[in-house]
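Protein chains: 2
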Amino acid sequence: MSKNLTSRAEDYSKWYNELVVKADLAENSAVRGCMVIKPYGYAIWEKMQAELDRMFKETGHQNAYFPLFVPKSLFEAEEKNAEGFAKECAVVTHYRLQNDPDNEGKLRVDPEAKLEEELVVRPTSEAIIWNTYKGWIQSYRDLPILINQWANVVRWEMRTRLFLRTAEFLWQEGHTAHATKKEALVEAELMNNVYADFAENFMAIPVIKGVKTESERFAGALETYCIEALMQDGKALQAGTSHFLGQNFAKAFDVKFTNNEGKLDYVWATSWGVSTRLMGALIMTHSDDKGLVLPPNLAPSQVVIVPIYKTNEQLEIITEKANSIIADLKVKGVSCKFDSRTTHRPGAKFAQHELQGVPLRIAIGPKDLENGTIELARRDTLTKEIVNMPDLISKIDSLLKTIQEELFTKALNFRDAHITEVDDFETFKKVLVTKTGFISAHWDGTTETELKIKELTKATIRCIPSDAKNEEGKCVFTGDSSSRRVLFAKAY
Amino acid sequence: MSKNLTSRAEDYSKWYNELVVKADLAENSAVRGCMVIKPYGYAIWEKMQAELDRMFKETGHQNAYFPLFVPKSLFEAEEKNAEGFAKECAVVTHYRLQNDPDNEGKLRVDPEAKLEEELVVRPTSEAIIWNTYKGWIQSYRDLPILINQWANVVRWEMRTRLFLRTAEFLWQEGHTAHATKKEALVEAELMNNVYADFAENFMAIPVIKGVKTESERFAGALETYCIEALMQDGKALQAGTSHFLGQNFAKAFDVKFTNNEGKLDYVWATSWGVSTRLMGALIMTHSDDKGLVLPPNLAPSQVVIVPIYKTNEQLEIITEKANSIIADLKVKGVSCKFDSRTTHRPGAKFAQHELQGVPLRIAIGPKDLENGTIELARRDTLTKEIVNMPDLISKIDSLLKTIQEELFTKALNFRDAHITEVDDFETFKKVLVTKTGFISAHWDGTTETELKIKELTKATIRCIPSDAKNEEGKCVFTGDSSSRRVLFAKAY
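So the protein lines, in turn, are chains A and B.
Going by our numbering, 489 is the number at position 483 of the first sequence; the sequence numbering is gapless.
Going by our numbering, 34 is the number at position 28 of the second sequence; the sequence numbering is gapless.
Here chain A stands alone, though its shape is the one from the complex (with noise of 0.2 Å):
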């Protein structure tokens, strides 16, 4: 199978797209920009889900769920947010379908199930929720509101790709409620904090924290954090943002409370939320021409033992190590799965586990029981060892735990190797084309500046780093002075 993998030297777009289907991650299906997340795609998102989840619990959030549909009038309630979704949101008109008189078997729309209202299938949820926490909150003593929602969303998109850019996705969005600024800006950093422990810590992929420049930001935020990756291909990806929206939307929906001064206030708002989008990052990040690459804290399986045998005697006495090392494995809290098809060889396996990206690879022979040892093999190094038996359950669980860390390293140095200072507009050009990667430099800080690079190069402002230091400069395109640099890439 991994053979007819196109590699990514030949065409990335084309790996990336073959690779997502022949690793059973997720396939596109009759409707138009949705896909289907197939059960080993679906896995690696669970593992992301129990993750993320325990760290928002852990941070004092918890999980609560509002309707999928967003009436008309609330939708278009906070202007700029309406304005920035309207353009790609699916809307349901009618509640019924009839038999169609002028086609048998068929339906049709019922034309008297009208509904008074249209109603918007939410592309994110704000609108809803705060229409909603209008009615919970009154004094002071009601906040601050930390609620998080995992939920399918729908943007209309027109180009879509698997995992990162499709019309329906599956998310979860913060949406946070505070008595003060202060506290809400503290809340939307914290949550791109969060984040980013989780690409790196989790996922083994290094980003950058930063905020978004005014025309990258999220339609009705006044402030967009993010986490910001870079792929293989040299091009970045957005995989988190966290936004503080201020009191725009408790303007929009009426949102007072009583604060500890006895006065009328509106309420401080954030909203953070990542996305299936990671799982884009996650393949892009890690995997090579044989397939995808793993971190080991994502896999659905750690761990894989191939039988080989030719007769059945053999392979009982192999069940029996397996289960052995598999039970060994279990209370090292290390997932192990036993390969025991009878109707594929050890090589289709192999290639399989190998395209599935299946951390360490355990091949078991009667020879290997002889002998008491092992054949052991790393997918990310694509390397083989022999390990004896007695030392085999603390050889995986180190091993995995290295796998982890390299993987980290690997791409942190990949990335960092593609952060390119540069300080002239033709050299800027120049870079995005051969090196590609980030680009940091110096910016007036307009619009219109930002503007005029993109429509020159595509690149766009990824973020504004939080941790640019202050230096003195000009502008790579206008040659105005700047006070820090921006990066700059290409961007999924």
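Watch out, some of these pointers could steer you wrong.
Intra- or inter-copy, both count: the list cannot distinguish identical chains.
[As the list claims (entries may be wrong)] Straight-line C-alpha distance at most 25 Å; calculated SDA-like pairs for lysine to any residue: (1) K355 x T264; (2) K464 x R171; (3) K86 x D260; (4) K86 x E163; (5) K215 x T463; (6) K53 x N303; (7) K338 x Q68; (8) K63 x E52; (9) K53 x R171; (10) K407 x I392; (11) K63 x Q178; (12) K120 x P107; (13) K336 x L58; (14) K120 x D108; (15) K215 x E454; (16) K343 x Q68; (17) K464 x H424; (18) K53 x L152; (19) K86 x Q104; (20) K269 x T349; (21) K390 x M164; (22) K327 x S346; (23) K215 x G268; (24) K241 x E322; (25) K241 x E206; (26) K355 x P150; (27) K407 x G353; (28) K343 x E454; (29) K343 x L375.
Keep in mind that the hints were calculated from the coordinates and are not lab data.
Model the placement of chain B on the given structure of chain A, informed by the hints.
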């Protein structure tokens, strides 16, 4: 707070509605028929999800995710299913809004962004899933497919009630594909047994297993297995269903496979689901006039500690003790919350935890610390006892098990006391009004009789119980011969 709750005797329906809102489980939203599931309610749902998910995986199922939308042409492919859901489905017809020229600041549907084919918001996913399975199944080697999906679905119900019947609800839907009829039947029955096990042993809700009559079956099913519970007002509630779909969907979507004899055949199917409706069943099975009563398995916090103090010094000592209790309980796997809010008095806290059904409540005051005793209050029986400090942890641990068991037994006794064998129609009508509950009666097996009885009494056949004995008798309505009793009831 609790004194404001309408009593069950006064108005059962009002009691239910008030309880759902006052206990902070859910509330109505701005979208007709759609609810907001609040954090406390959602935390209970998460506990159900976690346990069901574990049971599904233990029986070999994997999770996946399929699109929210079903193109009209797929929706109508399986005739009976289409007919069953056409009258209550939300339909997306457009994919964009634009500024309304007649109404400044308002949006309207962009008439130029009309979809070529309407999209139905899934009321259930057989159509989109079987259209997908077509691409996954060629040979018997690809079978069985055992997939579950956690998702939201929409059915445009005209009369809605929180949790029991809402336009959008959350559920899981299993969709499996098999090589033989027998295997599919075994699967459908297995999953009904999983539901029964879950309802009884986790939710403490006794259920009757059986199959539906033809007129009560899922649209498109050949057999619908179900579990039926009895609520405290004597009405039945269908708590879960598992459908044997035969080859209906395989035929509608042309899903054939080569069997192990090399012959082409249509694939056999099942589907099965439970939903947030279970929250309604939970509430109506165990709760009382003081509020929610939660089985310990489903309680977000199984124990709550309320400090009784006058000075900060007292609070400090109590807090120390509380933290030590929480740590000790955690070791036992018991969740315990310390309600240290300074904004509420102990009395108000007691009332809230009673209303929200926390199984055990501990009050700690300075006197208790002096005496080395603690007051432990049971929510279900509303009884209190004084426990010696050293016995507290083991006492709580065993008491939670006792509560779980006793809630089940209590509900079982109530249910069994409300199954009445009836042999004539006058008694049938009378029992429905006076005693309520299930009526076990002979039925002639015709849909005509079933519908006539429904018309006259509003009672439907809830199920033909799996354990019904062969017993010669006469139909309670027509007097025609019958060979076993079925269960009638008014139902939610």
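Hints and how they fare:
| no. | hint | result |
| --- | --- | --- |
| 1 | K355 x T264 | between (64 Å within a copy, 23 Å between copies) |
| 2 | K464 x R171 | within (18 Å within a copy, 50 Å between copies) |
| 3 | K86 x D260 | within (16 Å within a copy, 47 Å between copies) |
| 4 | K86 x E163 | within (19 Å within a copy, 33 Å between copies) |
| 5 | K215 x T463 | within (23 Å within a copy, 66 Å between copies) |
| 6 | K53 x N303 | both (8 Å within a copy, 24 Å between copies) |
| 7 | K338 x Q68 | between (30 Å within a copy, 24 Å between copies) |
| 8 | K63 x E52 | both (16 Å within a copy, 13 Å between copies) |
| 9 | K53 x R171 | within (21 Å within a copy, 32 Å between copies) |
| 10 | K407 x I392 | within (19 Å within a copy, 50 Å between copies) |
| 11 | K63 x Q178 | both (13 Å within a copy, 23 Å between copies) |
| 12 | K120 x P107 | both (18 Å within a copy, 21 Å between copies) |
| 13 | K336 x L58 | both (23 Å within a copy, 22 Å between copies) |
| 14 | K120 x D108 | both (20 Å within a copy, 20 Å between copies) |
| 15 | K215 x E454 | within (24 Å within a copy, 68 Å between copies) |
| 16 | K343 x Q68 | between (34 Å within a copy, 15 Å between copies) |
| 17 | K464 x H424 | within (17 Å within a copy, 72 Å between copies) |
| 18 | K53 x L152 | both (23 Å within a copy, 20 Å between copies) |
| 19 | K86 x Q104 | between (38 Å within a copy, 13 Å between copies) |
| 20 | K269 x T349 | between (73 Å within a copy, 18 Å between copies) |
| 21 | K390 x M164 | neither (45 Å within a copy, 63 Å between copies) |
| 22 | K327 x S346 | within (13 Å within a copy, 53 Å between copies) |
| 23 | K215 x G268 | neither (38 Å within a copy, 58 Å between copies) |
| 24 | K241 x E322 | neither (50 Å within a copy, 55 Å between copies) |
| 25 | K241 x E206 | within (18 Å within a copy, 53 Å between copies) |
| 26 | K355 x P150 | between (52 Å within a copy, 19 Å between copies) |
| 27 | K407 x G353 | neither (27 Å within a copy, 51 Å between copies) |
| 28 | K343 x E454 | neither (56 Å within a copy, 54 Å between copies) |
| 29 | K343 x L375 | within (19 Å within a copy, 52 Å between copies) |
Of the numbered hints listed earlier, those contradicted by the structure are 21, 23, 24, 27, 28.
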